[in-house]
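Kindly generate the complete structure, drawing on both the sequences and the hints.
Number of protein chains: 2
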Amino acid sequence: MNFPSRLVEDAVNEFAKLPGVGRKTALRFVLHLLRKDPAEVEKFGSTFIRLRQELKHCHTCHNISESEICDICSNPRRDPATVCIVEDVRDVMAIENTNQYTGVYHVLGGIISPMDGIGPGDLSIDHLVQRASSGTIREMIMALSTTMEGDTTNFYIYKRLKEFNISVSTIARGIAIGDELEYADEVTLGRSIVNRVPYEKTIAAK
Amino acid sequence: MNFPSRLVEDAVNEFAKLPGVGRKTALRFVLHLLRKDPAEVEKFGSTFIRLRQELKHCHTCHNISESEICDICSNPRRDPATVCIVEDVRDVMAIENTNQYTGVYHVLGGIISPMDGIGPGDLSIDHLVQRASSGTIREMIMALSTTMEGDTTNFYIYKRLKEFNISVSTIARGIAIGDELEYADEVTLGRSIVNRVPYEKTIAAK
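Note that the protein sequences, when read in sequence, are chains H and U.
In terms of the working numbering, the first sequence opens at residue 1 and continues consecutively.
In terms of the working numbering, the second sequence opens at residue 1 and continues consecutively.
Hints listed in this document are in silico derivations from the structure and should not be mistaken for laboratory results.
Hints may be right or wrong, so weigh each one.
Put simply, identical chains are the same to the list, so a pair is met inside one copy or across any two.
What the hints assert, rightly or not - Derived pair list, reagent style EDC-like, types lysine to aspartate or glutamate, alpha-carbon separation capped at 16 Å: (1) Lys36 - Glu54; (2) Lys17 - Glu42; (3) Lys24 - Asp91; (4) Lys56 - Glu66; (5) Lys43 - Asp10; (6) Lys159 - Glu139; (7) Lys56 - Asp37; (8) Lys24 - Glu180; (9) Lys17 - Glu40; (10) Lys201 - Asp122; (11) Lys43 - Asp79; (12) Lys201 - Glu54; (13) Lys162 - Glu139; (14) Lys17 - Asp37; (15) Lys56 - Asp88; (16) Lys24 - Asp88; (17) Lys17 - Asp151; (18) Lys43 - Glu9; (19) Lys56 - Glu9.
These numbers come from a predicted model, not from an experiment.
Now the structure itself:
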C-alpha cells in the first residue's frame with residue numbers, strides 16, 4: 001500500500017497488531033479517527049495507556065483488577081472454599097453474568113497447547129497447586145473449553161490436585177436450553193444422557 | 001456485561017466506537033493489550049493522538065497530508081490540468097497503487113446520500129467548482145462508485161461543471177481483467193460492449 005503519510009502508515013501498523021485486524025480494516029479505523037474531533041482521539045489513545053498502566057492482576061486468582069486483590073477475592077460474601085478454574089478473564093465475566101456462582105476463581109491465562117508452544121509452566125498451574133495445598137479449599141470446578149487442549153489441561157490439573165483432599169468437578173456438558181434434541185450432535189446428546197441429573201435438582205435451579 | 005474494572009469498560013467503549021467493532025471484539029482487543037508490554041501499549045495509544053494532531057487536509061485537493069499542500073499536489077511531475085474526483089482517501093491510495101495516473105486529485109469527503117443526510121453542501125464540491133473556474137484545468141475524471149448515490153453525485157458534479165470549458169469523463173466500467181464473460185452480470189457486460197475501445201489502445205496500455 002502507498003500511504004499518503006508516514007503517520008498514517010504507523011497508525012495502520014498499530015491497529016493491524018490487534019487480533020483479527022488486517023491492513024484494510026486498520027486503514028478504515030485510521031480514516032474513522034481522522035474524521036473525529038482531536039479531543040475525542042486524545043481520549044481514545046490515552047484510555048489504553050491508562051488501562052495498561054493502572055490495571056494489575058489479582059495476586060490470588062490472576063483476574064484483572066485495579067488493586068492487588070480483586071473485587072471477587074476480597075468480597076466476604078463469596079465462598080473462598082470453592083474455586084472455579086477458567087482459561088481467561090472473559091470466562092470469569094461470562095460466569096459472573098449468570099449470577100449463579102458464589103465461589104472464587106483461578107484464571108490460568110491460557111490452556112496447555114503444545115502446537116502453540118504453551119506448556120504447564122506458562123500457565124498459573126503451580127500457583128493453583130499452591131492454593132490447593134493451603135487446605136482451605138473444598139472444591140475445584142474446572143470450566144475449560146471441550147477442545148483437545150482443554151481436555152489435556154483438565155487431565156493435567158486433575159492429576160496435580162489428586163494428592164489433596166479436594167473434590168474436583170467439571171461444569172456440566174449437555175443440550176443447551178432451548179435446543180432441539182434432533183439437531184444436537186451425538187457426543188453432546190450421549191454425554192447428557194450419561195450425566196443425567198435428578199429432576200428435583202432442575203426445579204431447584206429455577 | 002459485568003466488567004472486572006471501570007478501566008476495562010472505558011477501553012471497551014472506546015474500541016466499540018470503531019466502525020464494525022462490537023463489544024465482544026472490543027473486549028478481545030482490550031485483553032490483547034493487557035497482555036502486551038506497557039511501553040508497547042503506550043506507543044499504541046500515542047500513535048493515534050499524534051496522527052490526529054499532526055495530520056492535516058491538503059488545501060488544494062483535501063487529501064490527508066502532513067503539510068498544507070499534499071505530496072501529490074506539490075509534485076512538479078504531476079499534471080495539474082487533470083483532476084480525478086474521488087470519494088475518499090482510500091480511493092486516492094487505490095489509484096496511486098496502479099502507477100497509471102499522473103494527474104492530481106480532488107477528494108470529495110463522501111458522496112451525496114439523502115438517506116444518510118449528506119447533501120452537496122457537506123462535500124467539497126463548491127471548492128471543486130472553484131478549482132474548475134480557475135481556467136487551468138483541462139479534464140476532470142469522475143471515479144466514484146457505481147451505486148445510486150455515486151451516479152447522483154456524478155450527475156450533480158457534471159451539471160455544476162458544464163459552464164466551464166473542461167472535458168468531464170468517468171473511469172471505464174467493464175469486465176474485470178481475468179474474469180470470464182459467462183459469469184459477468186448483464187449490466188456490466190452490456191456497458192463493456194457499448195463502451196468498447198479500439199484494440200490498438202489496449203496494446204498501448206501494456
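Now the hints, each set against the structure:
1. Taking the shortest Cα distances, Lys36 and Glu54 sit within 16 Å of each other only across copies (14 Å), while inside one copy they are farther apart (26 Å).
2. In this assembly of identical chains, the alpha carbons of Lys17 and Glu42 lie at most 16 Å apart only when taken from different copies (14 Å versus 20 Å within one copy).
3. Taking the shortest alpha-carbon separations for Lys24 and Asp91, only the inter-copy value of 12 Å comes in at or below 16 Å, while the best intra-copy value is 30 Å.
4. Taking the shortest alpha-carbon separations for Lys56 and Glu66, only the intra-copy value of 6 Å comes in at or below 16 Å, while the best inter-copy value is 38 Å.
5. For the homomeric pair Lys43 and Asp10, the shortest alpha-carbon distance between copies (10 Å) is at most 16 Å, but the shortest distance inside one copy (19 Å) is not.
6. For the identical chains of this complex, Lys159 and Glu139 are intra-copy neighbours only, at 15 Å inside a copy versus 77 Å across copies, given an alpha-carbon limit of 16 Å.
7. Within a single copy, Lys56 and Asp37 get their C-alpha atoms only as close as 31 Å, which misses the 16 Å cut-off; across copies the closest is 13 Å, which meets it.
8. Taking the shortest Cα distances, Lys24 and Glu180 never come within 16 Å of each other, neither inside one copy (40 Å) nor across copies (27 Å).
9. Taking the closest pair of Cα atoms, Lys17 and Glu40 come within 16 Å of each other only across two copies (11 Å); inside a single copy the shortest separation is 22 Å, beyond that limit.
10. Taking the shortest alpha-carbon separations for Lys201 and Asp122, neither the intra-copy value of 38 Å nor the inter-copy value of 63 Å comes in at or below 16 Å.
11. For the identical chains of this complex, Lys43 and Asp79 are neighbours neither inside a copy (39 Å) nor across copies (41 Å), given an alpha-carbon limit of 16 Å.
12. Neither within a single protomer nor between protomers do Lys201 and Glu54 lie at most 16 Å apart by alpha-carbon distance, with minima of 43 Å and 63 Å respectively.
13. With identical chains, the CA atoms of Lys162 and Glu139 are at most 16 Å apart within one copy only, with a shortest distance of 12 Å there and 81 Å across copies.
14. When the C-alpha separation of Lys17 and Asp37 is checked against a cutoff of 16 Å, the pair qualifies only between copies, where the shortest distance is 13 Å, while the shortest distance within a copy is 24 Å.
15. For the identical chains of this complex, Lys56 and Asp88 are intra-copy neighbours only, at 14 Å inside a copy versus 41 Å across copies, given an alpha-carbon limit of 16 Å.
16. Taking CA atoms no more than 16 Å apart as the test, Lys24 paired with Asp88 passes between copies only; the shortest distance there is 14 Å, against 29 Å inside one copy.
17. Proximity of Lys17 and Asp151 under a CA criterion of 16 Å is satisfied in neither setting, with 30 Å inside one chain copy and 37 Å between copies.
18. Taking the shortest Cα distances, Lys43 and Glu9 sit within 16 Å of each other only across copies (14 Å), while inside one copy they are farther apart (21 Å).
19. Proximity of Lys56 to Glu9 under the C-alpha cut-off of 16 Å is restricted to the inter-copy arrangement: shortest distance 15 Å between copies versus 31 Å within a copy.
Of the numbered hints listed earlier, those contradicted by the structure are 8, 10, 11, 12, 17.
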